[in-house]
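Visitor: Can you make the complete structure from the sequences, with help from the hints?
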Amino acid sequence: MPDAVKTDKILLEVNNIEVIYNHVILVLKGVSLNVPKGGITALLGGNGAGKTTTLKAISNLLKSERGEVTKGSITYRGKGVQHLVPSDLVKKGVVQVMEGRHCFEHLTVEENLLTGAYTRRAGRGDIDADLEMVYTYFPRLKERRKSQAGYTSGGEQQMVAIGRALMSRPETILLDEPSMGLAPQLVEEIFNIVKDLNEKEGATFLLAEQNTNAALRFANYGYILESGRVVMDGPADELRKNPDVKEFYLGMSEEGRKSFREVRSYRRRKRWLS
Amino acid sequence: MPDQLIFGMEVFLNGLMAGVLYALVALGFVLIFKASGIFNFAQGVMALFAALTLVGIMEGEVPFSHLINAVFGTDVHNFGWTVPALLAILLTMAVMVLLAWLVNKLIFRHLVNQEPIILFMATIGLAYFLEGFGDMMWGSNIKKMDVGLPQGINDWIDAATFDIFGYGFFIDNLDIVATVVAALLVVALIIFAQYTKQGRAMRAVADDHQAALSVGISLSFIWVMVWSLAGFVALVAGIMWGTKSGVQFSLSLIALKALPVLMLGGFTSIPGAIVGGLIIGVGEKLFEFTIGPMVGGATENWFAYVLALIFLVFRPQGLFGEKIIERV
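These protein sequence lines map, in sequence, to chains A and B.
Counting from 189, one number per residue, gives the positions in the first sequence under the working numbering.
Counting from 4, one number per residue, gives the positions in the second sequence under the working numbering.
Hints are all accurate, no fakes.
Restricting the straight-line Cα-Cα distance to at most 30 angstroms, the calculated cross-link-like pairs of lysine-lysine (DSS-like) are:
| no. | chain 1 | residue 1 | chain 2 | residue 2 |
| --- | --- | --- | --- | --- |
| 1 | A | 197 | A | 279 |
| 2 | A | 383 | A | 267 |
| 3 | A | 251 | B | 108 |
| 4 | A | 225 | A | 279 |
| 5 | A | 259 | A | 217 |
| 6 | A | 217 | A | 197 |
| 7 | B | 200 | A | 279 |
| 8 | A | 388 | A | 429 |
| 9 | A | 259 | B | 108 |
| 10 | A | 280 | B | 108 |
| 11 | A | 388 | A | 279 |
| 12 | A | 217 | A | 251 |
| 13 | A | 334 | B | 200 |
| 14 | A | 280 | A | 251 |
| 15 | A | 259 | A | 225 |
| 16 | A | 279 | A | 334 |
| 17 | A | 259 | A | 279 |
| 18 | A | 267 | B | 108 |
| 19 | A | 330 | B | 200 |
| 20 | B | 108 | A | 279 |
| 21 | A | 279 | A | 267 |
| 22 | A | 225 | A | 388 |
| 23 | A | 267 | A | 197 |
| 24 | A | 383 | A | 434 |
| 25 | B | 108 | B | 200 |
| 26 | A | 383 | A | 225 |
| 27 | A | 197 | A | 280 |
| 28 | A | 280 | B | 200 |
| 29 | A | 280 | A | 217 |
| 30 | A | 251 | B | 200 |
Derived CB-CB ranges, DEER-like:
| no. | chain 1 | residue 1 | chain 2 | residue 2 | range |
| --- | --- | --- | --- | --- | --- |
| 31 | A | 334 | B | 90 | 38 to 46 angstroms |
| 32 | B | 89 | A | 258 | 48 to 56 angstroms |
| 33 | A | 327 | B | 201 | 28 to 36 angstroms |
| 34 | A | 328 | B | 305 | 50 to 58 angstroms |
Hints listed in this document are in silico derivations from the structure and should not be mistaken for laboratory results.
Quantities reported herein were computed from a predicted structural model and do not represent experimental measurements.
Where is the CB? At the ideal position from N, CA and C, for every residue including glycine.
Guide: Here you go:
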């Protein structure tokens, strides 16, 4: 375990978990990772590597998709959380922002945000204050607060999804693929807000992302998943300099940017062993 | 004024009143469909079950008396007391909440993420089981229900219309009560859905189960809540129909009248259920009155369905159904 992580307080610990869907499909084959308090930890990898499954295993959303954790353990603040229902986890401060935005289409933007505070016992005043807080991070949402979420743009829906999660006053946010289907400029905007939330509100992030380049610029630490296994991990800037990561995920090699055709095939086929 | 027109007006008013009752049943369908995507075929039987239970409690009948007598060789039928209507209604409501909880615990919790057709089949099964269960619990004889609602011709309307048209309209007091109750119920449900935390959560669940789970909304709680609400609506419908025509097993068939109402009003709209109910109620009565005699009558059985089919062709989401949001 690298020093950077050891010195910080570990909030979330995933220990060698295996996930099986429908009793037969083995999706995660022993994933371990640590999320330190106050950091942005990136979970990288291509399609089907198991990023989303890992997040859902943590937030316990797997069950409704007929998946289950069959081995290993997940602890939050040192306590096992595998047997909690999602609403208990939200109360403990772990909330997931799902991939593909998942807004409540027929609810207005503001109603969407308010559902985020569902598990809280706070009074109207506190909730209004938090609503304002979300609007200061996402001024666009304030303009569109009365529109049905289904009619807002993709970027706005992603903001609604993140803002909604914030309304539960989370300690840890599991953010799944926020860049999906968004223009590069918007991706930048969203990541900047994530960084801001991390620094100013002290929110801890576990960020699953295919956009390795963007994710590694904003994260402190990264894990790379490949077919259900962690194949590499390290501090974000080290990963960015790693020649294999550069070539496989950033499309660069020692000789500079290459076209896909020129990438040496034996290197593309190479697999890291965990 | 020509007689035909005056009769027509009376028919129109009576159609409105009948429509209110259709709407009450449709309302229960809408609630469950909106929150869980389940088309609850058992809604009509729930109204029957609620009415049976209410009468049973009021009369102080012993539930499952046949079963008890058969097993223990006893001969009990009645506790020998009667329960005041209001208290009996509260107790019946408690039974409906328990039913809602059991239905979710035993059936729908295990069918999460299944195809809609499977959920629909499950509700058909539930409908027939519940009908038999109600029979077993309270016996199958036709019961008279009297919770103290006014019944019979409304003299004031009779007199007033007689003064104006020289012909007194026959409007049943019970229908007027039903209309007022239905109106209050709808207003209350809309306020609940739009402005309360649980109502908002209910709509959220309707939109996206997974996302609702992810923000910490408990699906099973919302479903039990919605089935309880539907149980409450069923109870109200059961009281109105039961008072009007007695508590009997044909009561469960009103579910079939609610179906065209839903197609007309939209499966997801509370106001739609009401407007749809009124249109069907008025439409079938007026159709029977005007066209009926030419085609030999009995049009009430099929008119609603024809109207519904026309709607399906030209406006599949119904009058007030949620627009399917499609972004380009």
